[in-house]
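One-letter residues, chain by chain:
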Amino acid sequence: MPLLQITSPHAHATQSTASVMLLVALATLPGIAALTIGFGWGSVCNIVLAIVFGLALEAIAVSLRRHPPGFYLRDNSALVTAILLGVALPPYAPWWLLLTGMFFAIIIAKHLYGGLGYNPFNPAMVGYVVLLISFPVEMTRWAAPLALLPAHSAPGLLDSFAIALGMAQLPAIDGFTLATPLDLVRQNNALMIDDLRQGYAQFGHWGGTGWEWANIGFLAGGLFLLYRKIYTWHAPLGMLVSLGLLAAIFYDGGSSNSNGSPLLHWFSGATMLGAWFIVTDPVSSPVSNKGRLLAGAMAGALIFIIRKWGNYPDAVAFAVLLMNFAAPLLDHYTQPKTYGHT
Amino acid sequence: MRKIWDFHGGIHPPENKQQSLGEPIHAAGIAPQLVIPVAQHIGAPAVPLVAVGDSVLKGQCIASADVPLSVPVHASSSGVISAIENRPIPHPSGLDDLCIVIDTDGRDKWCELPATRDFMQLDKSELVSIIREAGVAGMGGAGFPTSIKLDTREPHEIDTLILNGTECEPYITADHVLMREYASTLAQGIAILARLLQPAEIILGVEDNKLDVVPGLGRELAQYDFSAITGRETRADVVTFPTKYPSGGEKQLIEILTGKQVPSGGLPASLGIVCHNLGTAVAINDAVALGRPLVSRITTVTGEAVAQPRNYDVLIGTPVQHLLQLSGYNSEHNKRLVMGGPMMGFTLLDINMPVIKTTNCILAASEAELPTPPPAQACIRCGLCAEVCPASLLPQQLYWFAQGKELEKLEQHNLADCIECGACSYVCPSNIPLVQYYRASKAEIRQRDTDMQQADYAKQRFDARQARLERLEQAKIAARKARQAKAAANKKLRAGEDPKAAAVAAALARVEAKKTARATARATTPEPAAATAAHSDAAPASDDPVQRALARRASQQREDAEDPNAKLQRAFDAAQSRLAKAQQRLAEAEQNNSEHIDALRSAVEKCSSKLEQAQAALATAKVSTNVKINDQSNNPAKQD
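Taken in order, these protein sequences are the chains called F and U.
Remember, our numbering sits 294 above the position in the first sequence when you count from 1.
Remember, our numbering sits 18 above the position in the second sequence when you count from 1.
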């Protein structure tokens, strides 16, 4: 056998980018399961369509760039982007919404910048924000938790696909889509938080009905990834701590001015998804641990600021994109101390 | 228990050490031919002392160290020098270098060795010179001349002597078996080091995957009263710490054992620390106590392509092939042959490469053991590399800058502090050969620095030359002024005493004025040579005969350069004009009935024959030139 000549090191760990991405994709499963149990098949339907569009767009983009599509599709990065966008969109989103979102995520935010590893912004969040700004009606029509609907009124899996593909209508039930808990606290200016919680069934035990379990699912997936050392604790913890801290400071004893407790902020909306799957995106975040801690903390602060004083009830996507802008600056100021330097 | 520290990062690759630990150290025997490179160490290569055909004995010095940063080389066995030539040497560069080849005679006969000595009876400079003459260089990998590290200038400069028994690279067990089987020799080597360096503490650092050797080492070290040896309060300990790669790196080991970091670009000695390899300590003992130079070492032969992985006591210069065959080598299974470990070793293409002083391991790996790396994917900046980097660098950023050849950014991110341990490449999920990029970038930075230095030197030389010319010019002007002043003074003096002298001075002044006027005219009129027409007898613009001749010559040369036939043409013209003149003078002579008439007639005949010759020459030359021009028209680049 001819001897191979290459430079050291010769040994290599078994982990690959494809396996990292696959692990991230698998770690979303508890959250997706909780979303499906809480809100019906809509999210699953979103995710399936997003994956189909995502892989197709990735293959087209890679082919146009004259690279072998098989090699690039196997890195599973388009899969993860598709899952994250599918989860983030309101259930039963129409197919064209998903296609537009995936187009911006894969083509504009990723391949126009040079493909995987070269994108300055989180692709899924670029897709999400483009949709949120362009199609506010579709993007804010969040399905009501199943628990608040009459039994058997929610569409099944096939019906969900029919709705998404425009071959059927959403069930004409009063209250099939409802304001989310975060919408309610933002719009509230008359009721104490406790009264608000009692007045609206959307509030669950500590977060929002359905939302709290979805968030727990994503938290569990995130802890699994942390355990597998896919990322460090810095970014997610930075984000959760600063969000919780600001929520506690501005809790205001649960007055009508309050924006809800830290628990409500942690377990409502996209908080856990953002903390464990979005701000942890390595490509678009700072490189050092210190930088990631800072970026996470600042993203958490931005989320709270936008939730309380901004125009949007949830703000993970905006906060993450703003911190993506800041990544090179943070990199500049957070270079770790090298061995032997003082 | 001594306190130990941790260093940033590190990895836990599969150790794969058990395979080669099953058997005791084997003697590798004597290969029929030993190939001994003269450069097995850092520094200047040793200079051969022997010639082809010489018989040598084992331990005989065959190449000497002529400069301080070098070590001598010795014959590893007795035999005849069969060649002194460039051969492939085991080095990452894969280049050839000078080797002394010994055809062994199998007798393995030692040369006369000095009598055994008690190291306590030798003073420091004697010890250092014995160690130097024995050819001892660091046996851990770098091969730095040991005597230089030992030759401390001030007493008590070194507080801590560290013996590196870490052996953190997977597969390698050479130091492990050395501690297992040579503990007493090792302890005596450490005692000699203690005598030389007089440290306050001696630490033998061992990773906790080799705990079996610790009690034995402790017992052997306890045989020595180190305080008596060093002359100060000294304690010696075997210290164990958790297994992690690359804890055997000098800087990392120092941090583990002392909590201190070696300053970037500095030496451990600046912290009062010196670090030695175990094999080196044994070699020092052999040199001092037995008088034996470094002619053998322990090398691990392992990997799935050998049937019996084990450690060998190998003569320096033994071909790798010899060792592989002793271990049952299966070349069919061998995909990668590595000298050193799988993290920092380098691949060999030729199994005839010799074992040298720094060869601690031969890893004959199968494809399953060390699979061919798949193509690299994009860096997703996951940061695993930064997590494991023992130097706390940001490998993903360095990779980014290396790709863009941003050398300044690389320096700003401390590329120079990269120890090339390979931990970053090991964990990289995208299979990017990061260390390869860093090596290339380090070379680029070195090249840029060399270029810059050379440019600086060139500028300095140019500036110095300019300054010198300026100085000479000033000196010339000053001398001229002095001369003029002197002349003026003289003139005045003479004008005062002699009316004739005044007339001469006035005449000189007129000549001077004329000269100046002519020079000005020459400067303002176009170049006389340029104005001259093609014919040599055309009147030049200047009336100065010398100037005219020069101009003519210049124009001729220019013409010659332009047209190879010009010279012939000129000869033809000259002959023509001479004939005309001769005919004219003949006619005059005939009118005046001059007595020279016959001579003139013959002159006219001579001129006309010359004219014919010139004409003929010109005609042939013109034909050949035309042919040449036609030839050359296809190749404009050659037309000059």
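In short, the hints are calculated from the structure, not lab data.
Here a beta-carbon is modelled for each residue, glycine too, at the ideal position from N, C-alpha and C.
Hints may contain errors.
Interface residues of chain F toward chain U, partial, derived using beta-carbon atoms under 7 Å [said to hold, decoys possible]: (1) Leu297; (2) Ala307; (3) Thr308; (4) Ala327; (5) Thr330; (6) Ile331; (7) Gly498; (8) His499; (9) Trp500; (10) His635.
We went through each hint and held it up to the structure:
no. : hint   : in the structure
1   : Leu297 : holds (5 Å)
2   : Ala307 : holds (5 Å)
3   : Thr308 : violated (9 Å)
4   : Ala327 : violated (26 Å)
5   : Thr330 : violated (29 Å)
6   : Ile331 : violated (32 Å)
7   : Gly498 : violated (35 Å)
8   : His499 : violated (36 Å)
9   : Trp500 : violated (33 Å)
10  : His635 : holds (5 Å)
In summary, the structure is inconsistent with hints 3, 4, 5, 6, 7, 8 and 9 from the numbered list given earlier, while agreeing with the others.
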